[in-house]
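Listed below, chain by chain, are the residues.
There are 2 protein chains.
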Amino acid sequence: MAKNACYAQSGGVTAVINATAAGVIETARKYPDRIGTVYAARDGIIGVLTEDLIDTSQEPEEAIAALRCTPAGAFGSCRHKLKSLEESKAEYERLLDVFKAHDVRYFFYNGGGDSADTSYKVSQIGEKLGYPVTCIGIPKTVDNDLPITDNSPGFGSVAKYVAVSVREAAFDVRSMCKTSTKVFVLEVMGRHAGWIAAAGGLAAEVPGDAPHIILFPEVAFDERTFLERVQSSVEDNGYCVIVASEGLRNGDGSFLSEAGTRDAFGHAQLGGVAPLIAGLVKERLGYKYHWAVADYLQRAARHIASGTDVEQSYAVGKAAVELALDGQNAVMPVIVRKSDEPYQWEIGTASLADVANVEKKMPADFITNDGFGITDRCRRYLSPLIQGEDYPPYRNGLPEYVTLKNVAVLKKLDSAFELKFK
Amino acid sequence: MAKNACYAQSGGVTAVINATAAGVIETARKYPDRIGTVYAARDGIIGVLTEDLIDTSQEPEEAIAALRCTPAGAFGSCRHKLKSLEESKAEYERLLDVFKAHDVRYFFYNGGGDSADTSYKVSQIGEKLGYPVTCIGIPKTVDNDLPITDNSPGFGSVAKYVAVSVREAAFDVRSMCKTSTKVFVLEVMGRHAGWIAAAGGLAAEVPGDAPHIILFPEVAFDERTFLERVQSSVEDNGYCVIVASEGLRNGDGSFLSEAGTRDAFGHAQLGGVAPLIAGLVKERLGYKYHWAVADYLQRAARHIASGTDVEQSYAVGKAAVELALDGQNAVMPVIVRKSDEPYQWEIGTASLADVANVEKKMPADFITNDGFGITDRCRRYLSPLIQGEDYPPYRNGLPEYVTLKNVAVLKKLDSAFELKFK
Chain A
0 MAKNACYAQS GGVTAVINAT AAGVIETARK YPDRIGTVYA ARDGIIGVLT
50 EDLIDTSQEP EEAIAALRCT PAGAFGSCRH KLKSLEESKA EYERLLDVFK
100 AHDVRYFFYN GGGDSADTSY KVSQIGEKLG YPVTCIGIPK TVDNDLPITD
150 NSPGFGSVAK YVAVSVREAA FDVRSMCKTS TKVFVLEVMG RHAGWIAAAG
200 GLAAEVPGDA PHIILFPEVA FDERTFLERV QSSVEDNGYC VIVASEGLRN
250 GDGSFLSEAG TRDAFGHAQL GGVAPLIAGL VKERLGYKYH WAVADYLQRA
300 ARHIASGTDV EQSYAVGKAA VELALDGQNA VMPVIVRKSD EPYQWEIGTA
350 SLADVANVEK KMPADFITND GFGITDRCRR YLSPLIQGED YPPYRNGLPE
400 YVTLKNVAVL KKLDSAFELK FK
Chain B
0 MAKNACYAQS GGVTAVINAT AAGVIETARK YPDRIGTVYA ARDGIIGVLT
50 EDLIDTSQEP EEAIAALRCT PAGAFGSCRH KLKSLEESKA EYERLLDVFK
100 AHDVRYFFYN GGGDSADTSY KVSQIGEKLG YPVTCIGIPK TVDNDLPITD
150 NSPGFGSVAK YVAVSVREAA FDVRSMCKTS TKVFVLEVMG RHAGWIAAAG
200 GLAAEVPGDA PHIILFPEVA FDERTFLERV QSSVEDNGYC VIVASEGLRN
250 GDGSFLSEAG TRDAFGHAQL GGVAPLIAGL VKERLGYKYH WAVADYLQRA
300 ARHIASGTDV EQSYAVGKAA VELALDGQNA VMPVIVRKSD EPYQWEIGTA
350 SLADVANVEK KMPADFITND GFGITDRCRR YLSPLIQGED YPPYRNGLPE
400 YVTLKNVAVL KKLDSAFELK FK
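Top to bottom, those sequences are chains A and B.
Read in order, the letters of the first sequence are residues 0 to 421 in numbering that gives the first Met the number 0.
Read in order, the letters of the second sequence are residues 0 to 421 in numbering that gives the first Met the number 0.
Incorrect hints may have been included.
Short derived list, chain B residues pointing at chain A, Cβ under 8 Å [to be verified]:
id: 1; residue: 289
id: 2; residue: 295
id: 3; residue: 296
id: 4; residue: 305
Think about it this way: if two alpha-carbon atoms lie no more than 16 Å apart in a straight line, the pair counts; the simulated EDC-like pairs of lysine to aspartate or glutamate are [said to hold, decoys possible]:
id: 5; chain 1: A; residue 1: 287; chain 2: A; residue 2: 234
id: 6; chain 1: B; residue 1: 410; chain 2: B; residue 2: 102
id: 7; chain 1: A; residue 1: 177; chain 2: B; residue 2: 417
id: 8; chain 1: A; residue 1: 410; chain 2: A; residue 2: 102
id: 9; chain 1: A; residue 1: 177; chain 2: B; residue 2: 51
id: 10; chain 1: B; residue 1: 177; chain 2: A; residue 2: 417
id: 11; chain 1: A; residue 1: 29; chain 2: A; residue 2: 325
id: 12; chain 1: B; residue 1: 2; chain 2: B; residue 2: 32
id: 13; chain 1: B; residue 1: 177; chain 2: A; residue 2: 51
id: 14; chain 1: B; residue 1: 80; chain 2: B; residue 2: 113
id: 15; chain 1: B; residue 1: 80; chain 2: B; residue 2: 90
id: 16; chain 1: B; residue 1: 410; chain 2: B; residue 2: 96
Hint data in this document are derived by calculation from the structure and do not stem from the laboratory.
Nothing here was measured: the structure is a model prediction, and the numbers come from that model.
Cβ coordinates follow ideal geometry from the N, Cα and C atoms, glycine included.
Generate the whole structure from the sequences, applying the supplied hints.
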């Protein structure tokens, strides 16, 4: 007899997480004898805890198909993390109560390492608490820090956005550098790892091409060597384009962006490595500068999504359902690289126990010895991930993104659930 | 007998100014009996003054065609402005000397109001100084502040970039606002006029859609009404997306961005309206925020250029050559709007005397009475300008932009020319 499924999006959203949602829902719809309704949790795991479920069967085929081309989280997401079983026992029990009330036997949790951890725990306690649920983690994160999988769905599209933006801005700066801006700084995401900053390096194809400097969180910022490099780039190329990771750190491990900037109102100003770096260049070298901070634009940029990333994001959603129907539990579909060139990949499977709370770091040999660039090995890894364009449809000059009806499912539990978030 | 032409790019570059260059060069090549070589000035007018000319006949057809899809200024640009005839007489004379030495009888100057002024002056003094040159101005500026023409080539593509980015970032914020970021600020260009900020308004289609607030340079920033609006947007929609023009001013006319921000090094920090606004919201309302500054990314974003803009940019380049061959002088091809919907336009002609130094302001009735949005009239004007997608070709996942050989023409003048710029 058909059992219901629950799909939830977790953590920071991406340009392609909805493609995964489409993969899950479209695949589930192909097995009506085995999967009844796919519920989506509103605002991520919070929706499960508060029994705020969405009935995706109310959405027509076209709307679900349109998810493939729509950025961000169509059902809402959140950063609420379940802690250990001991600390958050009530929450784990509540999850199972809600699943039980709605006859949910399949739980698809689409997120990063924390979500894999939650799914894993639910998969282990279900039986003990008398309601076993098949839990499948589905990878997603722009940070590209999930282990085992070749890359994290969502990363390739940010990588493409950053590489394209660096190339375009560099053409602009090069045009004007004779008499105007000589140094341009683009700040990109990556609090703990330089994957996104590294992707900016793909913009360069021949010596002298931008970016001339990449500032990684993995490499302590050294003012002197940095300024020397800026100066030599301006002298050699006429200009200098810098990609700076938001997670750039001083030698003592502190973030540059927390170095005490104060705004006009006297408040401590968070974020903004780019203006800091640019100001330093101006002060010490006197060059005219510009800076940009891409922030959410980079991870929402579905208009320039990587075709590879869209395809893989859909594929992991589809595979998750197939794994569940295959009787597997506590696993995550992953991307397995078969070859670099041509890029060949297939879907494999990882145990959630191996994924949970493991952070993939950027290999040391992906960064050049001087600390300012990417190696050929890094390029071989990254390049396939930005291949292909997958343009959304347009109407009136703007991408036509879908907003779902998100019809709420009637609550069945008597109790409300108090959540400890603001 | 065929005479040579000189083409120069001026001021801030755009995503489509090279499409105009392609229009000029490809059209000129169709009349080899009348136009000999098209020279391009390296780095804009500076290249003429220093006799640093580029021989575009060295570029193959495919390279010139690729200019249509390449952002920024392929020959370089600059912000060097020629002053009045009295103040800059030596420079005007030098221009004519260079033209004379290279048998240049057609001068195509691709820029904004200042460039129109320069072209106009050259057109008037040529005869007096014994070497009449046909001067044609070609419109270009992301600021959209040129008079007479329906819009300024270059603007439509920035407008599209901003509208697309606002829509995408808004989807992101909406996904997460339940527990995370509630206020997002995107800073866009526009020091004196709110055209680009207004374009952000196109992202909204139904009530409640982002952007919820647009901050125009035309409307003095009022902290109280602004904060009230942010709060009501968060209460009504769950989140608030703000488009802030870099030229936002206080009631006393001073720029907000010059309000004395100091960075960690203690330097006055220029630019950055977005972090200021975001910090204010955090301080007064306590909402979690994010901000982005698009800077050069917006005007270099050829990957998401407006099809209409590309077409018009090419058309004004083509028309400029045709006007010159038609014996006209001291004119500028302009875009004439025939109807809003469907958008119909044709190329017309304006006198450079009427264009020079006249700034088109945004009409007062383009801004809603509350000062935070655009009117339907504004929308009818803007919407056609972002229609159509004109994607560049891609190679290895990145746009394939052309870098020309830019072969220098041998100098013929004995004298060098001292330029007063740093």
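Each hint, compared with the structure:
no., hint, in the structure
1, 289, "holds, 5 Å"
2, 295, "holds, 4 Å"
3, 296, "holds, 5 Å"
4, 305, "holds, 7 Å"
5, A:287 - A:234, "holds, 14 Å"
6, B:410 - B:102, "holds, 13 Å"
7, A:177 - B:417, "holds, 15 Å"
8, A:410 - A:102, "holds, 13 Å"
9, A:177 - B:51, "holds, 13 Å"
10, B:177 - A:417, "holds, 15 Å"
11, A:29 - A:325, "holds, 14 Å"
12, B:2 - B:32, "holds, 9 Å"
13, B:177 - A:51, "holds, 13 Å"
14, B:80 - B:113, "holds, 7 Å"
15, B:80 - B:90, "holds, 10 Å"
16, B:410 - B:96, "holds, 12 Å"
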